[in-house]
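Chemist: Here is how the chains run, residue by residue.
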Amino acid sequence: EAQVTQNPRYLITVTGKKLTVTCSQNMNHEYMSWYRQDPGLGLRQIYYSMNVEVTDKGDVPEGYKVSRKEKRNFPLILESPSPNQTSLYFCASSVSGTSGRANEQFFGPGTRLTVL
Amino acid sequence: AQSVSQHNHHVILSEAASLELGCNYSYGGTVNLFWYVQYPGQHLQLLLKYFSGDPLVKGIKGFEAEFIKSKFSFNLRKPSVQWSDTAEYFCAVNSYSGGYQKVTFGTGTKLQVIP
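Chains A and B, in that order, give the protein sequences.
Residue numbers for the first sequence follow the working numbering, beginning at 1 and rising by one.
Residue numbers for the second sequence follow the working numbering, beginning at 1 and rising by one.
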């Protein structure tokens, strides 16, 4: 089954304790992206990756890191989480380019993070 | 800079009423346009998309949207809503330039359908 998986689904942590949220897709998609969803603000892009070893900042990258060592995986790293990073996080992937199927994003189930 | 505006933040309709959700974007080049839906407690799913050709696109569950280039708009419509359409709807713009893809989402519109 084609899917994007994220782990963990729920996480409660404390300020300053490093954490990683994993994201994996099995569709051989080039493009992967992380978003955070906050009430009234919609989805805001944190980081994205056009392909292996190619990553770039989105609109709200401060406090986050990513890596893309393999095509299927795109982990999100919070080196020193703070309460303002409490949010719902989504990973997404898509075919890249300009073809008709490109850019339609497939979303993971979400990770609800609470930083105390 | 690329941006998306969804002017209706919260819409309440009775079943069988018609729906139109506004979406306006700003970008000077070629864009692909999307509407995604998020049912309560779930992740986003694609409703419909526009790439090129006929500006009136049809999606799943009876939804359609019309791309009006001169107005930079991509409004979502449904002639008769059902209680099961209660969800949050997001408009998104995708541009592709110089090998890079830029995606921007609107802030979303919460639709509540009353039986």
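No lab work stands behind these hints, which were simulated from the structure alone.
Just so you know, even glycine gets a beta-carbon here, dropped at the ideal spot from N, CA and C.
Treat each hint with caution, since some may be false.
To be verified - Listed next, the in silico DSS-like pairs over lysine-lysine satisfying Cα-Cα at most 27 Å (straight line):
1. Lys-69(A) <-> Lys-49(B)
2. Lys-58(B) <-> Lys-71(A)
3. Lys-71(A) <-> Lys-71(B)
Claimed, not checked - With the Cβ distance kept under 7 Å, some of the chain B side facing chain A (calculated, not the full set):
4. His-7
5. Val-11
6. Asn-32
7. His-43
8. Leu-48
9. Lys-49
10. Tyr-50
11. Gly-53
12. Asn-94
13. Gly-106
14. Thr-107
Said to hold, decoys possible - Computed footprint of chain B on chain A; a stretch qualifies when at least three of its residues, placed anywhere within it, have a C-beta under 8 Å from a C-beta of chain B:
15. 20-26
16. 38-51
17. 108-115
Chemist: When the hints from earlier in the document are held up against this structure, which numbers fail?
Modeler: The structure breaks hints 1, 2, 3, 4, 5, 8, 10, 11, 15; every other hint is satisfied.
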